[in-house]
Every structure is written in structure tokens, then in C-alpha cells.
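Top line first, the protein sequences correspond to chains A and B. Using this note's numbering, read the first sequence as starting at 1 and increasing by one per residue. Using this note's numbering, read the second sequence as starting at 342 and increasing by one per residue.
Please keep in mind that the hints were generated in silico from the structure rather than gathered at the bench. Where hints are given, some of them may not hold.
Taking lysine-lysine and the BS3-like style, the derived pairs with C-alpha atoms no more than 27 Å apart in a straight line are [claimed, not checked]:
#1 Lys584/B / Lys257/A
#2 Lys419/B / Lys512/B
#3 Lys198/A / Lys148/A
#4 Lys78/A / Lys526/B
#5 Lys272/A / Lys657/B
Residues per chain are reported as follows:
Number of protein chains: 2
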Amino acid sequence: MKIVLDAMGGDFAPAVNVEAAVRTAREFGYEIVMVGRQEVIRPLLVQYNTANLTLPIVHAPEVIEMSDHPATAVKTKKNSSMVVGMEILKRGDADAFVTMGNTGGALATALFHLGRIPGIHRPALSTLYPTTTGWCLILDIGANSDCKPEYLLQFALMGSLYSEKVLGIAKPRVALVSNGEEETKGSVLVQEVHQLLKQAPINFIGNAEGRHIPTGFADVYVTDGFTGNVIIKLSEGMSSMVKQMLREEVMRTAPGKVGGLLIQDAIRRMGKRTDYEEIGGAPLLGVDGVVIIGHGRSNARAVRSALRVAANTVDKRVVDAIEQGLARLPQIKKVSAIESA
Amino acid sequence: MKIVLDAMGGDFAPAVNVEAAVRTAREFGYEIVMVGRQEVIRPLLVQYNTANLTLPIVHAPEVIEMSDHPATAVKTKKNSSMVVGMEILKRGDADAFVTMGNTGGALATALFHLGRIPGIHRPALSTLYPTTTGWCLILDIGANSDCKPEYLLQFALMGSLYSEKVLGIAKPRVALVSNGEEETKGSVLVQEVHQLLKQAPINFIGNAEGRHIPTGFADVYVTDGFTGNVIIKLSEGMSSMVKQMLREEVMRTAPGKVGGLLIQDAIRRMGKRTDYEEIGGAPLLGVDGVVIIGHGRSNARAVRSALRVAANTVDKRVVDAIEQGLARLPQIKKVSAIESA
Numbered sequence: 001m002k003i004v005l006d007a008m009g010g011d012f013a014p015a016v017n018v019e020a021a022v023r024t025a026r027e028f029g030y031e032i033v034m035v036g037r038q039e040v041i042r043p044l045l046v047q048y049n050t051a052n053l054t055l056p057i058v059h060a061p062e063v064i065e066m067s068d069h070p071a072t073a074v075k076t077k078k079n080s081s082m083v084v085g086m087e088i089l090k091r092g093d094a095d096a097f098v099t100m101g102n103t104g105g106a107l108a109t110a111l112f113h114l115g116r117i118p119g120i121h122r123p124a125l126s127t128l129y130p131t132t133t134g135w136c137l138i139l140d141i142g143a144n145s146d147c148k149p150e151y152l153l154q155f156a157l158m159g160s161l162y163s164e165k166v167l168g169i170a171k172p173r174v175a176l177v178s179n180g181e182e183e184t185k186g187s188v189l190v191q192e193v194h195q196l197l198k199q200a201p202i203n204f205i206g207n208a209e210g211r212h213i214p215t216g217f218a219d220v221y222v223t224d225g226f227t228g229n230v231i232i233k234l235s236e237g238m239s240s241m242v243k244q245m246l247r248e249e250v251m252r253t254a255p256g257k258v259g260g261l262l263i264q265d266a267i268r269r270m271g272k273r274t275d276y277e278e279i280g281g282a283p284l285l286g287v288d289g290v291v292i293i294g295h296g297r298s299n300a301r302a303v304r305s306a307l308r309v310a311a312n313t314v315d316k317r318v319v320d321a322i323e324q325g326l327a328r329l330p331q332i333k334k335v336s337a338i339e340s341a
Numbered sequence: 342m343k344i345v346l347d348a349m350g351g352d353f354a355p356a357v358n359v360e361a362a363v364r365t366a367r368e369f370g371y372e373i374v375m376v377g378r379q380e381v382i383r384p385l386l387v388q389y390n391t392a393n394l395t396l397p398i399v400h401a402p403e404v405i406e407m408s409d410h411p412a413t414a415v416k417t418k419k420n421s422s423m424v425v426g427m428e429i430l431k432r433g434d435a436d437a438f439v440t441m442g443n444t445g446g447a448l449a450t451a452l453f454h455l456g457r458i459p460g461i462h463r464p465a466l467s468t469l470y471p472t473t474t475g476w477c478l479i480l481d482i483g484a485n486s487d488c489k490p491e492y493l494l495q496f497a498l499m500g501s502l503y504s505e506k507v508l509g510i511a512k513p514r515v516a517l518v519s520n521g522e523e524e525t526k527g528s529v530l531v532q533e534v535h536q537l538l539k540q541a542p543i544n545f546i547g548n549a550e551g552r553h554i555p556t557g558f559a560d561v562y563v564t565d566g567f568t569g570n571v572i573i574k575l576s577e578g579m580s581s582m583v584k585q586m587l588r589e590e591v592m593r594t595a596p597g598k599v600g601g602l603l604i605q606d607a608i609r610r611m612g613k614r615t616d617y618e619e620i621g622g623a624p625l626l627g628v629d630g631v632v633i634i635g636h637g638r639s640n641a642r643a644v645r646s647a648l649r650v651a652a653n654t655v656d657k658r659v660v661d662a663i664e665q666g667l668a669r670l671p672q673i674k675k676v677s678a679i680e681s682a
């Protein structure tokens, strides 16, 4: 297993990236190619015992920063760790690419340098989302603000295959995000997609309202990238709001303060149940190769998890499965009402 | 002040509706017209001291149930409390209409029986949403799944006027929900709306991501009814998830259980900060009359609050303000890219 790691991507890069590379190479025997500024990577690497590990550095002097405009950065920063790393994958010199960097940059780089799986209209960004019963997969969470029905049909197939093969869920329950449970509810787009999903070779369980998402109602939620992005960002915001309000109210009285101390462990266990570090990253599905994108604020444990996810996605041949699955999707016969509107 | 109350709408109707009508009539001197099945309303009413109160009952034998299909119900249940009540408002025999019943039914009834304010393309459902600093208004939350730019422009005006006049916020900060803060981010719809809002006579502060909504970043959030519905339903779901997880983890250990008891008051204060009962209801904006829709699970306190909101909306002449405000909106010159796509 040979994984390219964008050593420069993420809020705590390159330190945590190098640490995770060393740990993962030792634990699982992966070869990890670290791409980035060798003058900063090398001094970090020599601090570790790397005997018998294969941890090559490929020098890339530029970095696509979080503030960079993705489409521009891909064209102007040809020597960035992201572009150089993606090209290694494209050449077939590695099995997967992992980054904690600019998500839009990773998407643009993958589209430009890897391309799409033949037959895929648009790739989708996915994420794992914590629920009361475990985790669910949501896609698209931001790659495609405006979608056509056939995009969402493919997102459903890709999400279902990933959930089954990498997350190990038999017959993943796939739901379509809508503003009502009945199949007649939703935007014109969603109503059309609903009909397509009913004919697709997946376990489609119908529409889901927003309230279903945190409950374990489905394993995979399909939506356009605009709505998906609002869902994950709102969830982040609400989670912060609840924490802040609870802290404020607990600190207001003496018994509250004592109680607050006594429930510290419960809060910690709750955090663990929704802990992204264990998850590490989620795939950019539909591009012609395994690309895993992690949180910008990943620590070494999260980067290690992302490298594991990458290896798993390679082992389970998700890209091949998507390519084969496309042939079994219902064909779009009529011109969509959205296009002809 | 004469308010029509749908006595049959809501999970705890008609009992809590009648109780709230009596209390509100006594406290504020309103005349409250209760519309619904007189054979169930009258026995409830006689339990109260109604001396000197004006609480007429208008008989309406049918009820639009929560499970009824709105458009169908409006046509087939002409003797429902919602239709009969809305007709009283339409005739000018009352100042406002309040319901805790089927939201879609209220929307359809208002559109069919009241009509729109001249110049309004589509009415919008609004709601008040709790934040770390107070409350914000979100619209549309479900009346319009597919929107055109000019609809959202009008939603922004209506939300801003309501926030200013009824909620008492000077120069309400209006934000547009998007999947990125920059004005170039968002769907084609959102990008077009952004440009229109920049020219509108409101305090437009730009795009908001989902994470901003619970923070007090803006006073009014404008969005299409599909996204708005996902936002409020997801928030409900997350709130339940957090409560359930916290309870589960607190109950897992003895110190946790003690801590849980000690923070009861803090949790109660937190609940109060996000308590819908105080808010009662939010307006259906854009219809030609004051229509306030409350939660289905409203208790008497929430119904009372909704009646107060109705009176306030009448007093502040929100409908007139919207009609006058429309003239100052930027005109849509070109055909939208969405329509010509």
C-alpha cells in the first residue's frame, strides 16, 4: 500500500502529518510518500525512529493555502504539494492521496489532474456525520451547488457503495434529503431524483427531513452540495451553541459548577461518540482515484485515521465498484423539467 | 383588537386554545373569535369566568387535520375552522387570524381566501430561531421549495420589516444563507439574489453559512423554502440528539447522575432561552392580512403568545409597510439565468 500524503495541508501541518505518517507506516507497513517543502519536513522526520520504514519525501515548494481560491490556485500553484501529490497518483505511482488542506483546492486538483471515473457527471464531497446510533454518510457537502437529477442519482450509488464496502454496512439505507417525507414533497429536483432512486439498484428508503439526519434513520443521505454544506455547517454551529449555552448556565450557580465538574466524564464520552479523530476523513467520490479529504484541524490521530480510510478504500476497490455500478443505474430518458423549465 | 383563533388547530386543541383565549381576552381586552366545533368549545368555555369578555364562537364543523393534504383540504373542507376563520378576516370582520394547525393548510387557505399583498410574488413562512444571543428570524421555511431571485428579494424586505416593527430591532441585519461567505459562493439562485440584496433598502450584511445561524450573526436569514425547512428540522433533530446523548452518558456513572441532578436548573434555564412558548408564533408574510402560525404542540402559554404577536403585527401595520416597501425594491431588469437556463 503506497499512499501520498499532502504534508503541508491542515492547520497543524506539517508536524502532525509527519507524526501520523511515521506511526501509520510502522503500525501497518504502508509506504507513505510525503509531498511538501523538504526543508521543513526533513527536520521533523529525523526526530523519529524511521528504521525499516519507507517514508520518501517528494519536494513541492508551494502550498495551496486555506485562503486560496481553488480554481486559480490549481492553475497558478503547479508546484504545490496538492498538485504534485495528485500527479503522483495520476501516474499510477501510488494507490491513494490524502490531504487535510483546502477542500475546494483538493476538488479542483482532483478534477483537473485525475479526472472523473468514466460516466460520472460530477464528483461529490462526502462526510461522516455523528448520530445517536453511530455515523452516517452525507453527500454532496459542497462540490456542486447546482445539481441535476442524474448527479444525485450517481451520488446515491457512490455513497451506497462506499458505505457498504468501506464502512462495512450491509445494504446501506439511502435517503434523499427533502422538506417532507412524502414522495410528492420537495423541490422539482428532489421530486425527480426520488423517482430515479426508486428504480436504482440501492436500498432507497425514501425522503428524509432534516430532523431525521441525527437519528440513525439512514446510513447515507443524498443531497445537493448547497443543502449538504448548510447541513454540516449548521450542525457545527449548533454544537458550539449548545456547548456555550450549557457552560454559561452551569457556571451561573454554585451547585451548577459542582454538577458541571461531575458530568465532565459524560461530556468527554459524548465527545468521543461524535469524535472526528476516529473517522479521519471522507472520500471525494467520483474522481478516478482514491482521494481522501480530512478536517483542516486534524491532529496526528485524525491524520492516521485518514490514512487508514485511504488504505481501506483502495483495498475494497471502491473506484472499480463505482465504475461497474454506473451501468446498472436507470437511464435518464426524458429531458429533466429542471433543464426545460 | 379583534382576533380570529382557529380553536381546533394544534395537538392540544381545543382545550389550550380556549384557555388562552380567555386569559388573553382578560389580560389585554382583545375580542377573540373562536372558530370551530361549538359543541366542544362551549363546554370548555363555560368552565371559565368570562364576565365582561367578548369571546364569540363561530361554528365550523370540519377540521383540517395535520395529516390532510393542504391543497385538497382547502377545497374539500370549506366548513373547516381554518377556512371559516380566514373568511372572517377576509371580510374585514377581524384584524388577524391565528392558528396552531396544519401549516400547509394555513398557507393554502391564506393564499386561496386572503390572497397576496399586491405585488408580492409568493408569501413566505417565517419562524423565530434561538441563538446564543437571543432570537433570529428565518424565512422561507417551507412555503416555496423552488424560488426565483425576486421571491427571495421580497422575503428579505418582509423579514426586515417584521423584525424592525414587531421584534423591535433597529436596522435588522439581513443575511443570505449560502455555502460560503464570499458573494461569488452559492447556487446560481443565491448569487443572483446576493446582487439584488446589495441594492435593496435593507441592512444587508452578506452571505451567512449554516454555522453562523445559531450565533447571533444576523437578525434575519433569507433562504428558499427547501433549505429553510431543512435548517429548522435539522435543528430540532440535533437538539433532541444532544439531549438524548447527554442523558445517556450522564446516567452511565454514579457521579454523572449526581452531576445531572445538580445541573437540572442550568438545563432548565437553557430551555428557557430557547423556549418557543414565549414566542408563540411567526407570521405568514406576504398574504393580504395578518396570519400568525404557531407550533402544533403549543400549550396555552404559547397560544397566548401567538395572540400577542398577532395583535402586535396588526398594531405595527406590517402589511401596509410591506406594500409600501415593495415600491422601493430594485427592479428585476434581466431575465434570470435560472429561468433562461
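Evaluated hints:
Proposed proximity of lysine 584/B and lysine 257/A is supported: the alpha carbons are some 19 Å apart, at most 27 Å. Simply put, lysine 419/B and lysine 512/B have alpha-carbon atoms about 42 Å apart, too far for the 27 Å limit, and the pair is violated. About 17 Å separates the Cα atoms of lysine 198/A and lysine 148/A, which keeps this hinted pair within 27 Å; it holds. For the given pair, lysine 78/A sits about 24 Å from lysine 526/B by alpha-carbon distance, which is consistent with the 27 Å threshold.
Straight-line distance between C-alpha atoms of lysine 272/A and lysine 657/B comes to about 50 Å, which puts the hinted pair past the 27 Å bound.
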